[in-house]
Amino acid sequence: MIGNSLRWELNAFVGFIERQKNLYRRYWLWEAVWLLYNLVSVLSIGYLAAGLSTLGLEPGQANLHQTQLYLLVGALLWTYLSLVFFEIAFAITWERWEGTIEYTFMAPIKRLTHLLGMSAASLIYGIARTAAIGFALIFFFKLDLSHANWLTALAIFAAATLPLLGLGIFTSVLPLLSPEKGEQMAFAVQGVLLLISGVYYPISVLPAPLHIVGILSPLTYTLSGVRESLLHGLSLAGALPDIGILLLMGVVLVPASVWCFNRAEVRAKRLGLLKRSG
Amino acid sequence: MAIKESELNTVAVELHGISKRFGQPARRPFGRRKAKKEKLALDQVSMRVDTGRITGILGANGSGKSTLIRILATLMTPDAGTASVFGYDVVTQPDDVRRHINRVSVEASFFKEMSPWENMLYAARLYGSGGKGTRARVEGMLERLGLPLDTLDKPMKQLSRGQQQKVAIARSFLTSPSLLLMDEPTTGLDPRSKREVQELVRTIRRDRAATVLLCTHDLEEAELLCDHVLVLDQGRVLAEGTPAELIHAHAGEVGGSLEDAFMKLTGKRLEEDEEEKDE
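Residue numbers (our numbering), protein chains in the order written: chain L, -6 to 271; chain B, 14 to 292.
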């Protein structure tokens, strides 16, 4: 019985990934445009770093490379994190726009399967796109990653998946609460995360209140951990505290966000907000 | 899978005193409430749908038909009353209800860039299938519906409204529902597509493929397709019976139609409401 239920849910889980794959394939031209946009954004950050010397700052050549690498790793990771965050957070908005939202919510599957299926598709797609941009960066900037500890970077990256899912699911609640304004609010959340998580600067430069909020953001640990491992070869043992914090945040955030989503679904059903027009 | 003889006339859907109101004042900080215009979409609706039959819900736009369908589809919760599908409560046992139902709505709700095959594969996955043999089943189904097979891999947006609605019906049947909720499936279709969809519903009745709850404001369609009909107006059930019974009781004279009965019951013609927005 449990085996059958699990098979049923797994089948649906695959269905969500398959559906997203088909959508990406059908919208390939638009996806290519977005990829180009992401690449251009990251390149701009890279050239900003390269141009620092012309602004009279005159850092040493070694420092300039470090700064460039620091900013590029931040930009690349932010591209990945924001893409995954966007894809998960906009899952509801998208389905409402397509008019399929009622069909998905009417299907005999667990909401957890729905959310995890959407998230898994976003993660796979996010990794593929970020890898493409990463290769382009190596080509454009001749990056020196000889000190990088890739194993540590991967471990932190993997541990960050859980809290990232939690944050994404939390944000996907917003369009359920308000069909009209939820989408814009998701952008606002993304903006706050960009400010407080140390994407382009260490959070120590932030004023105290924002610094404290930054400490609570899982993206802070992801960015600093991956940076340290790529720039200074942080060992796996050295990264364990960050990995532990990320896993702990994930263990709290994922169930909390799913619970929150379920509550929002109950509310949406009570107020009749699930239909296409809301 | 056809409904067995022994299951005919057992209760498929049962509603007791279902009420639903929209625009309730929202809770605000510090106990303040923002006044909103309220609308009573369903007012103490009770009804029963027998297994293996086509039951029609007749009503103008805004009469509460779609709200009723959404409650049975577990997409909306009632404010009061109980509703069950094959004995399962729609609020407390939604997972069990969902395994038995599917829905065809007035809008063809698909991922428009994806093909009929991709949309149907997605639906099949959500209902426990999608493996080997699904493509052959889908092809067989679409052939039965008279859709050319070369449409199967084209984006949905390239299909006509009628073709999209046929795919919607095929999608609902792919999941073998015991109860099919059809919410104005022929609205907006050209006459030919409309007739084809109606023919399909007739086939469902003939083959006893599923119990059907058909919401429509097309009275001819209801007369043609339904075994049993309920007239809904402003969220209340005004009358129910077979089309012949309703005509006899409310249209009176010989040659009366279901439209005459509807006008007598509601005091208005359906056309009067056609410009209104649906609820």
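It cannot be assumed that every hint is accurate.
What the hints assert, rightly or not - Only pairs whose alpha carbons sit at most 25 Å apart, straight line, appear in this in silico DMTMM-like list of lysine to aspartate or glutamate:
id, chain 1, residue 1, chain 2, residue 2
1, L, K14, B, D273
2, B, K50, L, E173
3, B, K50, L, E258
4, B, K207, B, D108
5, L, K268, B, D108
6, B, K170, B, E126
7, B, K125, L, D137
8, B, K125, B, E233
9, B, K145, B, D166
10, B, K125, B, D92
11, B, K125, L, E221
12, B, K52, B, D92
13, L, K268, B, E126
14, B, K170, L, E91
Rather than coming from a laboratory, the hints here were simulated on the basis of the structure.
(Q) Would the hint linking K125 of chain B and E221 of chain L be met if the CA-CA limit is 25 Å? (A) violated, 45 Å
Q. Within 25 Å, alpha carbon to alpha carbon, are K145 of chain B and D166 of chain B?
A. holds, 18 Å
Q: Measure nothing beyond the straight line between the CA atoms of K50 of chain B and E258 of chain L; if it is 25 Å or shorter, mark the hint as holding.
A: holds, 23 Å
Q: Could you grab the alpha-carbon distance between K170 of chain B and E126 of chain B and see if it respects the 25 Å cut-off?
A: Holds, because 6 Å separates the two Cα atoms, which is no more than 25 Å.
(Q) Next pair to validate is K52 of chain B with D92 of chain B; report whether the Cα-Cα distance is within 25 Å. (A) holds, 13 Å
Q: Below or equal to 25 Å on CA atoms is what counts here, so check K125 of chain B against E233 of chain B.
A: violated, 31 Å
Q: Assess, step by step, whether the Cα of K268 of chain L is no farther than 25 Å from the Cα of E126 of chain B, and give holds or violated.
A: Holds. K268 of chain L to E126 of chain B sits at ~20 Å (cutoff 25 Å).
Q.
Check whether the Cα positions of K207 of chain B and D108 of chain B lie no farther apart than 25 Å.
A. It is violated: about 33 Å lies between the C-alpha atoms, which goes past 25 Å.
Q.
Against the 25 Å threshold, does the CA-CA distance of K125 of chain B and D137 of chain L hold or violate the hint?
A. violated, 45 Å
Q: Please work out if K14 of chain L and D273 of chain B have their alpha carbons no farther apart than 25 Å.
A: violated, 53 Å
Q. Would the pair K50 of chain B and E173 of chain L pass a check requiring their Cα atoms to be no farther apart than 25 Å?
A. holds, 19 Å
**Q.** Hinted pair K268 of chain L and D108 of chain B, Cα distance within 25 Å
**A.** holds, 19 Å
Consistency note: the structure conflicts with the earlier hints numbered 1, 4, 7, 8, 10 and 11.
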